[in-house]
Amino acid sequence: MGSRTLREQMVYEPIIGRRLPWDCISRRRSTALWIRPLCQMTSGGTKRYETIGHVTFTKLEGSMFITGKFKQDSAGKQQKMPHFCLFLTTNIIDADFYRGYLLTGMVERGNRKLGIWESTHYAYVKREGY
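Taking our numbering, the leading residue of the sequence shown gets 56, the next gets one more, and so forth.
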(Lines of atoms letter the chains of each structure in order from A and count residues from 1; the text may use other names and numbers.)
(Lines give C-alpha, C1' and ligand atoms only; values in the text may rest on other atoms or scores of the structure.)
Protein backbone atom coordinates (compact mmCIF):
# COMPACT_ATOMS: atom_id res chain seq x y z
CA MET A 1 0.00 0.00 0.00
CA GLY A 2 1.50 3.31 -1.05
CA SER A 3 1.70 6.65 0.68
CA ARG A 4 -1.04 8.05 -1.54
CA THR A 5 -3.50 5.38 -0.39
CA LEU A 6 -2.51 6.02 3.22
CA ARG A 7 -3.15 9.74 2.82
CA GLU A 8 -6.57 9.14 1.29
CA GLN A 9 -7.56 6.73 4.06
CA MET A 10 -6.14 8.84 6.90
CA VAL A 11 -8.32 11.81 6.00
CA TYR A 12 -11.36 9.81 7.12
CA GLU A 13 -10.19 7.44 9.85
CA PRO A 14 -8.87 8.44 13.32
CA ILE A 15 -5.80 6.86 14.91
CA ILE A 16 -6.90 5.16 18.11
CA GLY A 17 -4.53 3.56 20.57
CA ARG A 18 -5.64 1.33 23.41
CA ARG A 19 -4.63 -1.60 25.61
CA LEU A 20 -2.13 0.19 27.85
CA PRO A 21 -2.37 3.00 30.40
CA TRP A 22 -2.90 6.11 28.32
CA ASP A 23 -5.11 6.50 25.25
CA CYS A 24 -4.03 8.23 22.09
CA ILE A 25 -6.37 9.70 19.52
CA SER A 26 -5.18 11.57 16.49
CA ARG A 27 -7.76 13.84 14.89
CA ARG A 28 -6.67 15.10 11.53
CA ARG A 29 -7.13 18.51 10.05
CA SER A 30 -9.00 18.30 6.76
CA THR A 31 -6.47 19.22 4.07
CA ALA A 32 -3.87 21.08 6.12
CA LEU A 33 -2.55 17.73 7.40
CA TRP A 34 -1.13 16.78 4.04
CA ILE A 35 -0.01 20.24 2.95
CA ARG A 36 1.83 20.62 6.24
CA PRO A 37 2.29 17.18 7.80
CA LEU A 38 0.72 17.83 11.22
CA CYS A 39 -1.91 16.05 13.29
CA GLN A 40 -3.43 16.53 16.73
CA MET A 41 -2.50 14.01 19.45
CA THR A 42 -4.38 13.51 22.73
CA SER A 43 -2.94 11.83 25.83
CA GLY A 44 -4.30 11.12 29.27
CA GLY A 45 -6.75 9.13 31.32
CA THR A 46 -8.88 11.48 33.44
CA LYS A 47 -7.00 14.60 32.31
CA ARG A 48 -6.41 15.07 28.60
CA TYR A 49 -3.44 16.83 27.05
CA GLU A 50 -3.31 17.80 23.39
CA THR A 51 -0.39 18.68 21.17
CA ILE A 52 0.61 18.84 17.53
CA GLY A 53 2.42 15.84 16.03
CA HIS A 54 4.60 15.89 12.92
CA VAL A 55 3.87 13.18 10.33
CA THR A 56 6.81 11.72 8.38
CA PHE A 57 6.53 9.00 5.74
CA THR A 58 9.50 6.63 5.67
CA LYS A 59 11.22 5.18 2.63
CA LEU A 60 9.62 1.86 3.52
CA GLU A 61 6.43 1.63 1.49
CA GLY A 62 3.40 2.14 3.74
CA SER A 63 5.09 3.22 6.99
CA MET A 64 5.04 6.51 8.87
CA PHE A 65 6.19 8.20 12.07
CA ILE A 66 4.24 10.74 14.11
CA THR A 67 6.47 12.59 16.59
CA GLY A 68 6.00 15.46 19.03
CA LYS A 69 6.05 16.65 22.63
CA PHE A 70 3.40 17.01 25.35
CA LYS A 71 4.29 20.29 27.08
CA GLN A 72 1.64 20.24 29.84
CA ASP A 73 1.46 16.51 30.63
CA SER A 74 2.30 16.35 34.36
CA ALA A 75 2.83 12.57 34.35
CA GLY A 76 5.26 12.90 31.46
CA LYS A 77 7.14 15.70 33.24
CA GLN A 78 7.44 13.70 36.46
CA GLN A 79 8.94 10.75 34.60
CA LYS A 80 10.99 13.10 32.40
CA MET A 81 9.34 11.62 29.30
CA PRO A 82 7.62 14.52 27.49
CA HIS A 83 8.22 13.29 23.90
CA PHE A 84 6.28 10.69 21.95
CA CYS A 85 6.93 8.70 18.78
CA LEU A 86 4.19 6.73 17.03
CA PHE A 87 5.30 4.28 14.31
CA LEU A 88 2.55 2.89 12.07
CA THR A 89 2.94 0.33 9.29
CA THR A 90 0.69 -1.49 6.82
CA ASN A 91 2.55 -4.77 7.41
CA ILE A 92 -0.14 -6.43 9.51
CA ILE A 93 -0.93 -10.03 10.33
CA ASP A 94 -4.07 -11.77 9.05
CA ALA A 95 -5.80 -11.62 12.44
CA ASP A 96 -5.44 -7.83 12.54
CA PHE A 97 -6.70 -7.54 8.97
CA TYR A 98 -9.86 -9.51 9.82
CA ARG A 99 -10.43 -7.21 12.82
CA GLY A 100 -10.57 -4.33 10.34
CA TYR A 101 -7.20 -2.72 11.01
CA LEU A 102 -5.52 -0.74 8.23
CA LEU A 103 -2.39 0.31 10.14
CA THR A 104 -0.85 -1.04 13.33
CA GLY A 105 2.08 0.10 15.42
CA MET A 106 3.48 1.10 18.78
CA VAL A 107 3.62 4.36 20.69
CA GLU A 108 6.79 5.18 22.60
CA ARG A 109 7.21 7.88 25.25
CA GLY A 110 10.60 9.17 26.19
CA ASN A 111 13.17 11.94 26.22
CA ARG A 112 15.00 12.82 23.01
CA LYS A 113 17.85 14.59 24.79
CA LEU A 114 18.59 11.61 27.04
CA GLY A 115 17.84 8.98 24.39
CA ILE A 116 15.43 7.10 26.68
CA TRP A 117 12.35 5.52 25.05
CA GLU A 118 9.68 3.20 26.46
CA SER A 119 6.84 1.47 24.58
CA THR A 120 3.56 2.53 26.16
CA HIS A 121 0.79 1.04 24.06
CA TYR A 122 -0.40 -0.51 20.82
CA ALA A 123 -2.02 1.79 18.24
CA TYR A 124 -4.17 0.97 15.23
CA VAL A 125 -6.23 2.56 12.46
CA LYS A 126 -9.41 0.80 11.36
CA ARG A 127 -10.66 0.60 7.78
CA GLU A 128 -13.90 2.27 6.75
CA GLY A 129 -16.94 0.22 7.66
CA TYR A 130 -15.46 -1.50 10.75
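By construction, these hints were calculated from the structure, which means they are not laboratory data. Careful, some of the hints might be misleading.
Claimed, not checked - Simulated restraints on C-beta separations:
1. 114 with 151: 33 to 41 Å
2. 113 with 182: 19 to 27 Å
3. 148 with 113: 28 to 36 Å
4. 113 with 153: 33 to 41 Å
5. 184 with 135: 19 to 27 Å
6. 168 with 148: 30 to 38 Å
Yeah, the Cβ is synthetic: ideal placement off N, Cα and C, and Gly gets one too.
Structure-based check of all given hints:
Under the hint 33 to 41 Å, the C-beta atoms of residue 114 and residue 151, about 23 Å apart, miss the expected range. Distance hint check: the CB atoms of residue 113 and residue 182 are about 21 Å apart, consistent with the given range 19 to 27 Å. Separation of residue 148 from residue 113 is about 20 Å and departs from the stated range, judged on CB atoms against 28 to 36 Å. The hinted window of 33 to 41 Å between residue 113 and residue 153 is violated, with their beta carbons roughly 26 Å apart.
Residue 184 and residue 135 have their C-beta atoms about 42 Å apart, which leaves the hinted 19 to 27 Å range violated. For residue 168 and residue 148, the Cβ-Cβ distance of about 35 Å falls inside the hinted range of 30 to 38 Å, so the restraint holds.
When each numbered hint is compared with the structure, violations occur for hints 1, 3, 4, 5.
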